[in-house]
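Produce the entire structure from the sequences given, and follow the hints as far as they go.
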Amino acid sequence: MKLLSLTSVSCALAIATATPLVSSRDVKSAQTPNLGYDELLSLQHQFWNKFKYPNNIKEAESINSTVFSEDVQGRVSDTRNFVGRELNTEYIFGLFTPSDSASIIGRPGDYEIVQFVANKNIAVASTTVQFIFPSFNNISLPVRIDTWLTWNAAREISQYDVTFRWFGYLLKTLILGLNPDDPVKSQTAAVNSMAASICATHTTYCNGTNTQYESQDECYNFLTQDIRVGQSFELGMNTLLCRNVHEIMIKYRPDVHCSHIGKTGGGMCDDSISYETKVQEQYFTNSPWIPTQTAV
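Residue numbers for the sequence shown, in mature numbering (1 follows the signal peptide of the UniProt record, and there is no 0): -24 to -1, 1 to 272.
Warning: the hint list may mix true and false statements.
Said to hold, decoys possible - Below are the DSS-like pairs computed for lysine-lysine, each with C-alpha atoms no more than 27 Å apart in a straight line:
id	residue 1	residue 2
1	K26	K227
2	K239	K227
3	K161	K148
4	K239	K148
5	K28	K148
6	K254	K34
7	K148	K254
8	K254	K239
9	K227	K28
Unchecked claim - The following label-pair restraints were derived from C-beta to C-beta distances:
id	residue 1	residue 2	range
10	N95	V160	42 to 52 Å
11	T104	F209	13 to 23 Å
12	R204	R229	24 to 34 Å
13	N155	D231	33 to 43 Å
14	N31	S250	32 to 42 Å
15	S191	T104	24 to 34 Å
16	Q163	N10	42 to 52 Å
17	A165	T261	38 to 48 Å
18	T149	Q91	18 to 28 Å
19	Y145	N113	16 to 26 Å
20	R204	G243	16 to 26 Å
Hints in this document: simulated from the structure, not taken from any laboratory.
Just so you know, even glycine gets a beta-carbon here, dropped at the ideal spot from N, CA and C.
Here you go:
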């Protein structure tokens, strides 16, 4: 990470190290366990402790973190949806580990849960996480992350719905920090560094059938001239910022992630989802957000 490290993007959730009461394969029949307030708060803390650096490195290296159920469904407000244990291990833990990329993703540290309510298997919280942003001169800033989480009977996160609060303000603060006296130069420096970083990563990892650009020049010109930089809410749209988020994932699985920095966006960075679709999307099916089922 050399230039922007924050994001928003992406981010955060929870779970336990306790021995499961049932296997994850049996969880479908028990998606609304009555875990109780104290256990849900403990699970919330266990997640954030795993999320902070350097603990997140161990989770990322596990490939399939048992923090999540096998069929976990995740959504981060300004990006896209993430399904399954492996993909969520990459994006929730791997994304926030140290990187040589010039990225808007930061490195998470200490946290404080400042708001918390819980019922049965659902916990809703607002947590302040102290991030360091290596690509922004290692500036340290607090980031507020709002989370809705459900756990299954195996004490695995089965769903999460996450919002990085005031992310636009955070992104502006980071970019302006590059050159406080000249916002235009700050923006230009950020764009050039992100584009160059993405193209370098493409050259290193995206070869053969994973190739997205014929040359470094084609890559750089596309990223700086043919698509928009993007606003803070466009981390899942046809923008440079979206590709900047996904660049970090390429080293884990090039065959999956190279297309996300390419011209098409690989189903992660395109303009196919309208505002109305985003608002009305019926995505979560693992557990009800309103706990009306009989507790077990």
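Structure-based check of all given hints:
Proposed proximity of K26 and K227 is supported: the alpha carbons are some 21 Å apart, at most 27 Å. Straight-line distance between C-alpha atoms of K239 and K227 comes to about 19 Å, which keeps the hinted pair within the 27 Å bound. Annotation: proposed proximity of K161 to K148 holds, straight-line Cα distance about 13 Å (limit 27 Å). Between the alpha carbons of K239 and K148 the distance comes to roughly 26 Å, so the proposed pair stays at or under 27 Å and holds.
A distance of roughly 24 Å separates the Cα atoms of K28 and K148; the hinted pair therefore holds under the 27 Å criterion. For the proposed pair K254 and K34, the alpha carbon gap of about 33 Å is over 27 Å, so the pair is violated. Under the criterion of a C-alpha separation no larger than 27 Å, the hint pairing K148 with K254 is consistent with the structure, at around 24 Å. Straight-line distance between C-alpha atoms of K254 and K239 comes to about 23 Å, which keeps the hinted pair within the 27 Å bound.
Only pairs whose Cα atoms come within 27 Å are accepted, and K227 paired with K28 is accepted, the gap being roughly 21 Å. In this structure the hint that N95 and V160 lie 42 to 52 Å apart at CB holds, the actual value being about 49 Å. Roughly 21 Å separates the CB atoms of T104 and F209, a value that falls within the hinted 13 to 23 Å. The hinted window of 24 to 34 Å between R204 and R229 holds, with their beta carbons roughly 27 Å apart.
Between N155 and D231 the C-beta distance comes to about 38 Å, which sits within the given range of 33 to 43 Å. Checked against the given bound of 32 to 42 Å, the beta carbons of N31 and S250, roughly 38 Å apart, stay inside it. Between S191 and T104 the C-beta distance comes to about 44 Å, which lies outside the given range of 24 to 34 Å. In this structure the supplied range 42 to 52 Å holds for Q163 paired with N10, their Cβ-Cβ distance being about 51 Å.
Restraint check, A165 to T261: a C-beta distance of roughly 44 Å satisfies the suggested window 38 to 48 Å. Checked against the hint of 18 to 28 Å, the C-beta distance between T149 and Q91 comes to roughly 23 Å, which is consistent with it. Roughly 18 Å separates the CB atoms of Y145 and N113, a value that falls within the hinted 16 to 26 Å. Taken as a hint, the range 16 to 26 Å holds for the pair R204 and G243, whose Cβ atoms sit roughly 19 Å apart.
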